[in-house]
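Peer 1: Listed below are the residues making up each chain.
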Amino acid sequence: MITRSLLDARGIGISFGGLKAVQDFTLRIPVGGLYGLIGPNGAGKTTAFNLLTGVYQTQTGTASLDGRRIDGLKPHEIAEAGLSRTFQNIRLFGELSVLDNVLIACHVRGRHSLVQTLRRSGHHVAQERASIIKARHLLSIFGLNRYEHEQAKALAYGDQRRLEICRAMATEPKLLLLDEPAAGMNPQEKKDLAASIRSIRNDFGLTILLLEHDMGLVMDTCERITVLDHGETIAQGTPPEVQSNPKVIEAYLGEVEDEPPQPTQPPPGAAACPS
Amino acid sequence: MDAAAPSLSPSRAAGFARGVWPLLAAAGFGLAMQFWVGPAAGPFPTTVMMQVGIAIILAVSLNIVNGFTGQFSIGHAGFMAVGGYVAATCTFYGGMIQWESPGRYGGFLGLGEWLMVAGSLLGGGFAAGLGYVVGLPSLRLRGDYLAIVTLGFGEIVRVLLQRTGKQLFVKADLGTDDFKVWPPPLGGAQGFKELPTYTNMFWVWLFAAITIFAAYRIKTSSTGRAFLSIREDEIAARAMGIDIAKYKVRAFVVAAFFAGVAGGLYGHSGVNMAPGDAGFQRSFEFVIMVVLGGMGSISGVTLAAIVLGALPELLRNPNALGAAWPYALGAVVLGYAASKLLRKRWMTTLGTFLLVGGSVALGLAIFGKIGVWMKADLSQYRMVLYSLLLILVMIFRPKGLFGVHEVWDFFRSREATPPPKLEAGGMTP
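Heads up: the protein sequence lines correspond to chains P and V, in order.
Following our numbering, the numbering of the first sequence begins with 1 at its first residue and continues without gaps.
Following our numbering, the numbering of the second sequence begins with 1001 at its first residue and continues without gaps.
Bound-form chain P, shown alone (with noise of 0.2 Å):
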């Protein structure tokens, strides 16, 4: 496997107010990584996530993504830098059709002036060709090819995440990051989820960082594992490295007594943590 980091946030942090909700974050990942980003609720994951996307400034350290700087870029920025993502709460675009959701996101990697798209130029319509191409294609790789015409609010629940992955990937991103994918999911959706997450990174050579809640999931798929505690991380390692740190349990569990805790690894999405 090639070592190249392709993300490499180093100390990044914020505080709002006297809140230090992100401090001294640090993570690399290398190309071609699925890695994971774990802590219990209120640890500062999705700020994390904010903070490399762009949605809050760092205000301490630096990130940077393939080499180039991406911290105080704004958000549609650091897409076109090659950084993409999915939401918590699902953010589609409801009121528009499937196919359109996907377009959007095939925006930033072919535009035109408006010039262009009023007197519909010879590059506007290839491009626009060649968007819907590519949306068709990554529609029928997540079998979400038959909704083109639906709404995108009307699809249920498991189509609505696995149209927002699939919209994420139409910006051609070089690292996914995808907020708790497995949110509200069953276990076998969540087993399903994990194996299109594996064959996104083979098949796509894509990066990826798994935000989760769900520890089966992450255990089971991810690489390499940080975990966050209050802002801070607390661990960082191997799934089995991580599930034996005495902080990890403590943080999860609480304070260990004398009851030894259980680092057996669940089946996946055997739903360890409540969600």
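What the hints contain is simulated information worked out from the structure, not anything from laboratory work.
Just so you know, these numbers come straight off a predicted model, no measurement behind them.
Check the hints yourself; a few may be wrong.
[Claimed, not checked] For lysine-lysine, the following DSSO-like pairs were computed, each having C-alpha atoms within a straight-line distance of at most 27 Å:
#1 K191/P x K153/P
#2 K153/P x K1369/V
#3 K1246/V x K74/P
#4 K1399/V x K153/P
[Said to hold, decoys possible] Derived DEER-like restraints, expressed as beta-carbon distance ranges:
#5 T1197/V x V115/P: 25 to 35 Å
#6 N1272/V x R68/P: 57 to 67 Å
#7 Q57/P x D1144/V: 19 to 29 Å
#8 V115/P x L1390/V: 34 to 44 Å
#9 G1330/V x H137/P: 45 to 55 Å
#10 R68/P x G1125/V: 52 to 62 Å
#11 T60/P x A1025/V: 21 to 31 Å
#12 G1165/V x Q59/P: 48 to 58 Å
#13 W1114/V x S113/P: 38 to 48 Å
#14 S113/P x N1272/V: 32 to 42 Å
#15 Y1381/V x S113/P: 43 to 53 Å
#16 V115/P x A1025/V: 36 to 46 Å
Idealized CB from N, CA, C, for every residue including glycine.
Place chain V on chain P using the hints.
Peer 2: Just chain V now, with coordinates in the frame of chain P:
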């Protein structure tokens, strides 16, 4: 996935044709309205149709901001007034300097009319520039707060126009002390009067058709989808790489341009341009058209502009409407039968349209009959009826006549979607 497949690029000639045919079609439509529909309908309906055409330009362009992009603007009349005053300055003082008199010069498609068109386009440019300025606050504000900013813009335009100087009617005055560059001699609170009447069916419907074409091409393009994504979810749009600041301002600029052109046409349609035209009452007329037609639906907004533009005129003589009741009743019965008895989707849809349209017509006819029966002139109550109609639409169609859809969406059968086809290995669908 490959974007650069050569087969996707059409030839140069085809590209040129795609750019030009809407203009030709619009010109053809304008000529048909000018020489066929206008003379057939008579002078008064022609005036109404011209006002309707101008209303279409304004409503469809406002729809780009309010409907597509979801930014609530209620200052559209301000852009219209700016465009109108700029165009009127060109024709009035331009005509005075060039042709000695500010009156009409030249015949159909003559020099005077071309001056009006050039002035309108210039007015559109001015309005677009102001649209850029008004669009900037939309980057920080949304909803009610942005509405207040746009409202303020319209009022500023109105007050500035009231503060303009006395209008000069003779060329000789231009050389005297009466002429000042600031405040410009645009008539002040009394309005800009005796403007040459250059606007006709041709120009109105040419520009109305161009506006609709432009709105449609924007909506079905990557720019339009960027607009729509901002309406749906700004945070998601940004994360997908949409520069929302750029596109919000762009929506304002495009909408303001067409409003400015419409203002030019309005100013030369035989009315006195007055500062009140920039006020929020005018703006609200267009907002109502957009809301009634359905936010983002070009066809819905066009229909709403036609209905709301023509309805007050129809209601001027409500007693005559009573004669239409057999047709209205027929439409209701036919529509009900089609929507209930037939299986085909497009027939059901058509039946529903007939049913709704027929019901409205029947309501109007009954209104007219009541007038005849009571031997009363109900035309005084036409604004009540107009408002009642708005209330009813909002109760039964809270998202406007067509919601976010276009008319043709209702006729498209679901079966048109290609069957599911799975490709690429490894992924569980």
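Peer 1: Compare the structure with each hint and give your call.
Peer 2: Now for the hints, and whether the structure bears them out:
Between K191/P and K153/P the CA atoms are separated by roughly 24 Å; this keeps the pair inside 27 Å, and the hint holds. Of the pairs offered as hints, the one joining K153/P and K1369/V is violated, with about 46 Å between alpha carbons and a cut-off of 27 Å exceeded. With a CA separation close to 12 Å, the supplied pair K1246/V and K74/P stays within the 27 Å bound. Of the pairs offered as hints, the one joining K1399/V and K153/P holds, with about 16 Å between alpha carbons and a cut-off of 27 Å not exceeded.
Take T1197/V and V115/P: their Cβ atoms lie about 33 Å apart, and the range 25 to 35 Å holds. Between N1272/V and R68/P the beta carbon distance is about 60 Å. The supplied range of 57 to 67 Å therefore holds. Under the hint 19 to 29 Å, the C-beta atoms of Q57/P and D1144/V, about 27 Å apart, fit the expected range. The beta-carbon spacing between V115/P and L1390/V, approximately 38 Å, falls within the hinted interval of 34 to 44 Å.
The hint said 45 to 55 Å for the Cβ distance between G1330/V and H137/P, and at roughly 50 Å that hint holds. For R68/P and G1125/V, the Cβ-Cβ distance of about 38 Å falls outside the hinted range of 52 to 62 Å, so the restraint is violated. In this structure, T60/P and A1025/V break the distance hint of 21 to 31 Å, their C-beta atoms being roughly 59 Å apart. The beta-carbon spacing between G1165/V and Q59/P, approximately 55 Å, falls within the hinted interval of 48 to 58 Å.
One distance hint, 38 to 48 Å for the beta-carbon pair W1114/V and S113/P, is violated here, with the actual separation near 28 Å. At about 39 Å, the CB distance of S113/P to N1272/V agrees with the hint of 32 to 42 Å. Remark: the range hint 43 to 53 Å for Y1381/V to S113/P is upheld by a beta-carbon distance near 51 Å. Evaluation of the 36 to 46 Å hint for V115/P and A1025/V yields a failure: the beta carbon distance comes to about 19 Å.
Hints 2, 10, 11, 13, 16 from the earlier list are contradicted by this structure; the remaining hints agree with it.
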